[in-house]
Every structure is written in C-alpha cells, then in structure tokens.
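Chemist: Residue numbers (the working numbering), protein chains in the order written: chain U, 1 to 484; chain E, 485 to 633.
Don't read these hints as lab results, they were simulated from the structure.
Computed from a predicted structure; not experimentally measured.
Backbone N, C-alpha and C define an ideal beta-carbon position, used for all residues, glycine too.
Fair warning: there could be bad hints in the mix.
[Said to hold, decoys possible] Below, computed lysine-lysine pairings styled on DSS-like, alpha-carbon distance capped at 30 Å:
id	chain 1	residue 1	chain 2	residue 2
1	U	Lys-479	U	Lys-372
2	U	Lys-260	E	Lys-555
3	E	Lys-583	U	Lys-388
4	U	Lys-260	E	Lys-552
5	U	Lys-294	E	Lys-555
6	U	Lys-260	E	Lys-563
7	U	Lys-260	E	Lys-583
8	E	Lys-583	U	Lys-372
9	E	Lys-510	U	Lys-294
[To be verified] Stretch-level coverage of chain E by chain U, calculated; a stretch enters the list once three of its residues show a Cβ under 8 Å from a Cβ in chain U:
id	region
10	490 to 502
11	573 to 582
12	596 to 605
Read off the chains here:
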Amino acid sequence: MKISTKGRLATGIALATIGLIAAVIWWANTEVDDANRQRRQTSEITRALNDLRLVSFEYILHRTERARLQEHEVATRLDRLIADDPFRDPQAIEVLAQLREDVQATHRIFEEFLAGATPGPDPAAGPDATRLFEAQLSSRLLVLQQESLTAALRLADHSTQRIDAAQRRVVVAILLGLALIAVTTAAIGWLIGRHVLRPIARLEQATREVAAGNWNFQVNLSSRDEIGDMARNFDAMTRALREAFAEVQRKNDELAALNKEIEAFSYSVSHDLRAPLRSMDGFSLALIEDYGDKLDADALDSLNRIRAASQRMGRLIDELLGLSRVTRTELVVRSVNLSAIAREIADSLERMHPGRDVRWEISEGMTVQADKSLMHIAMQNLLENAWKFTGKTANAVIRVGIGEANGERHCFVADNGVGFDMSFADRLFGAFQRLHHESEFSGTGIGLAIVQRIFRRHEGRIWVQARPGEGATFFFSFKEPSHE
Amino acid sequence: MNDGNKVILLVEDNPDDVALTLRAFKRSHLMNPITVARDGIEALDFMFARGDFADRAALPTIVILDLKLPKLDGLGVLKAMRADPRTQFLPVVILTSSKEEQDLISGYALGANSYVRKPVDFAEFLEAVKVLGIYWLMMNEVPPQGTAP
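I would like the entire structure built from these sequences, with the hints used as guidance.
Modeler: Listed below in structure tokens is the structure:
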C-alpha cells in the first residue's frame, strides 16, 4: 500500500472518530435539553397538581364560588400542560398518558361534587346520604390526586435519569474515541518508523556509499510504496552510473594505450628519423672538408644545400616532437609569474642577437595559474615570433601586458612588426602554416600550433589581431580567474 | 698531452654514426684507441672480458653509450655496469638521438655521468665530441682501478 494511501486512511479514521464524538456530544446535548424540558414541564405539572389539590379541597370545605372559579382556572392550566405532548421517551409518554387519565378522572369526580352542591335530583336521600357520598368522593379525589402527583414525580425522576444516562454515554463515547485516536496515532508512528524512517535511513546510507565511490551498493527495498519506487530508481541510477563509469574507464584505458603507442612512436621518430639526417649532414661535411679543394662551386653549393636541408628536417622533427610533447606532458598547474618568464626570454633574445634594438615593455606582476614549463614554451614562441617579425622594423616595440575585454581579463603579446592580413588569421594556428616566405622570415610554422595547443590544454584560448605593416597582437586567456 | 693508452669504448649500432663519431674524434685530435661494440651484450662482454673479448687488455677509460641498441639497450648496459664492482665508477657518457625527458631521467638515475644529444648538424656534433674528449679524457680524475666500497 502506498504511504499516501496509508496517510489518508489514518487521517480518515481520526476524522471519523472525532466526528463520532461530536455526534455523540450533539445527541447528548439534545437529550439533556429534552430531559430538562421534561423536568421543567413536570415541575409545572406538579405545581398545577398541588394547586388543584388546594383549591379543590378549599371548595369541598367552604363551597365558595371563588374557590370553584379558582379550581376551574387551575384545572384548565393543568389540562393545557398535560395536553402538550412534548416527550419523546415512550416511558414518559406512557406515564403522561396515565396522568392524563387520572386528571380526567379527577375532573369527573369534581364535576360530581359540583352536581351534588346544587340542589340534587335526589333530595330524598337526606343530608347524611349526601355527606357520605361527598366523603367518598373527596377520598377518591384525594387518592387520584395523590396518584397524579406520584406520576408527576416519576416523570421528574425519569428526566433526571435521562440526563444521567446521557452524561454517562458522552463520557464513554469520548473515552472510546480518545482510545481510538491514541491507537491510530501509535499505528501511524509505527508505520512511519517501519515504512518511512528505516527505508530512508537505508537510502541515506546508499547515497553516502555511492558518494564515497562504492558503485556496487544496492538499496534493495522491496516495498511497493513511494520510497520503494525511489529506492528502485536509485538502484537503477547507480547501475547506469556504474556502467557509464566502466565505459569511461574503458575509454580511458584505450586512450592510455593509445598514448603509450604515440609515445613509442615519438621515441622511435626521435631516434630513427634523425639518424639518417645526421649521416647526410655529417658525410656531406666530410666531403666538403676532405675533398673541398677538388670540387667546384656548384658541387660545394649542392653539398651545402644537402646539409641545410638535413638540418632543417632535423629542426622539423624536433618541433613536431615538441608539439606532441605538449599534448603528452602532465599538466602541473600552479601560480606562474608571466612577467618573469617574459623578461627572461627577452634577455636571452637580446643576448643571442646583440645587433638588434628592440624596446621591451613588460608589465610587472603578471601572474597566471598554469603549467610553468608549458607557459615558458608558449611565451618563448610568442616572443620569438614578435622578435622575428619586428626584424625589419625601425623603432621595434614588443609589449607584454594585461588587458580586459567583454568582462574577460586576458594577457597579450603585441609587436609593431610586419603584421599580416586578418583573412589569414584562421590558418595561423595550424601546424606547418606560414604567412611569410621562409626567405623573408625563417621558421617551421609549428610554433603557433604548439602555442594554441598549450592554451587548449589549460582550457584557455588564444586569438590574434593584426594589420599588414602595423604589427600583430596575440591575446590569450584562461578559463579560471587567473590574474591576481 | 694525450694519454694514448686510455681506451674509449663506443657502444653504437649504426655504422654511419660509428664512422662520424670516429671522424669527430680524429678531427678533435683525440688519438686514444677506440673499441666499437655494436650491441649491448658486446659492450658488456668487452668490459667484463668474456666471449670474443676474453683477452682484452684493460678496462676502457670511458664508455660512450647509445641508448637504442640491439639485444640489450643502453640503459640495460648501464644497469649491468653499475651493478658490477669493476665498472661501478667507470665514466659513462650517454650519446643518443633521444631528447625525451624520460630517457634523461632514467639515464641519470642509473648512474650516467653525462648525457649528450647527437645533433643533426655535424659541426655541432664535432664540438660536442671535442668537449667530451677534453673533459673525460684529460681533465677528469677517475678512482683507482678495481676500487670498490
């Protein structure tokens, strides 16, 4: 059974019990009302009966007209009182009916009295006979009136009993109702403990286990209620996650294997591809050195071209290996002082090419969260490019600094060198892409591919703005708020 | 000033590289006798005077070791040398094409004394061999033969 159904059932029982108690109280209230009315009317009747007794005997004793009128008035009042039939209780109705008969009998006897008081139809009977008759009548009247009073008292007693009975029933009903509510409450408590709290504790344990990485934990609740549904969904979710993670793990293993293969490949490229180049260069030089005097200028030129080509291919291999190394090295991200790196590279460029006059404007205190060695490689490439492409510029200026655009902070490396047409910009970061002839500016065309790969590995990006003859500015930013 | 008795052991499988290295030594005016081993096993045989080299005269003064070798690679040779008291302190210069960081680390970890990368440009290679020869054959003092802790 669903928890909501159980909840509705318990609420229904409690409400029904409360309704029952209310009904009993309402019933008792009307019962008491009715009994009270019965008692009031009974006491009226009793008073009227008493009055009737007094006035009828007054008449019997004194035979005054006033007493007769009074008796008539009281009798009428009494008739009116007992004519009403306000009682519902059959016992009371029965007693009332008896009372009514008695009163009628009383009236009849009194009528006989009245008939006797006037000069009767039988004057021959003599005063003694009349007195005896009157005595008999009055004694019957007395008895009847006494009986009537007793009946009235019985009615009064009866209403008191009804009130008592009603009170008792109310108490019993309230006690029974309270007991029922107590049992229902206890049952609800037990149900919550057994079917809600315990399964929830199990679910809570499950979430903790799964959070701790135990993907094999199953809640395994069989209950057919909402929590059971939730537990089954949770188990399904854990299973799905487990499978997804197994898939990710498998893919990771595949990637690791692939990476190993690439590493082995790079290793053998690094070794085996360079060896023939060394031979070509070495033996060409041997020819030049040993037989240079026997060779003409063309032959020497050819040999020199072989050497230059070998060396160039050596550089290409080295840079390709560098590009693959950028992807393979493990990222160690920490605070890196970009200003210091830029300054160091600038100094080394100045040392290696002492003839140049370049103004460096490097902002102080540029710090980024990045891999230091990769950042060094990136800055080396960017600054070497800037250095290279300002080679034919008078008053060359290379700036390294921090800027902000569209709420995003970035670093930049700007030069006022030859620049390029922005329509080539998207080709710029591809491997072996060059925008200038090698005779103008040397290079393999891999540098910016390496730089882009470095920023991608940092989940950052690099973009460029340039104009032919006015220089180029390379911007780069990192995913995290990297500037301090 | 050149001590001609100091033997150099060159462990190198590529005949071109052997020829170029020998040429480089010659052009650097290093006249020491050079023995060439063409794989790792041959190198160890020479050092421990066994097999074809059972009657070799003396231990080399320096071993110039390539890493990529048939049968037993350079790091294996280095490991075996450092495990033997006879060759424990013998200077070993790794001369290889590899610039892989892992090779550098492994080489030094196994007790290489120097790590030199073969440049493509022979002129640079020549310079490197010259410096190597001057340092290891003329300036460096080695511990007395057979000394072991």
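Chemist: All the hints need checking, so say for each whether the structure fits it.
Modeler: Results of checking the hints against the structure:
| no. | hint | result |
| --- | --- | --- |
| 1 | U:Lys-479 x U:Lys-372 | holds (16 Å) |
| 2 | U:Lys-260 x E:Lys-555 | holds (22 Å) |
| 3 | E:Lys-583 x U:Lys-388 | holds (26 Å) |
| 4 | U:Lys-260 x E:Lys-552 | holds (18 Å) |
| 5 | U:Lys-294 x E:Lys-555 | violated (43 Å) |
| 6 | U:Lys-260 x E:Lys-563 | holds (24 Å) |
| 7 | U:Lys-260 x E:Lys-583 | holds (17 Å) |
| 8 | E:Lys-583 x U:Lys-372 | holds (19 Å) |
| 9 | E:Lys-510 x U:Lys-294 | holds (22 Å) |
| 10 | 490 to 502 | holds (count 3) |
| 11 | 573 to 582 | holds (count 3) |
| 12 | 596 to 605 | holds (count 4) |
When each numbered hint is compared with the structure, a violation occurs for hint 5 only.
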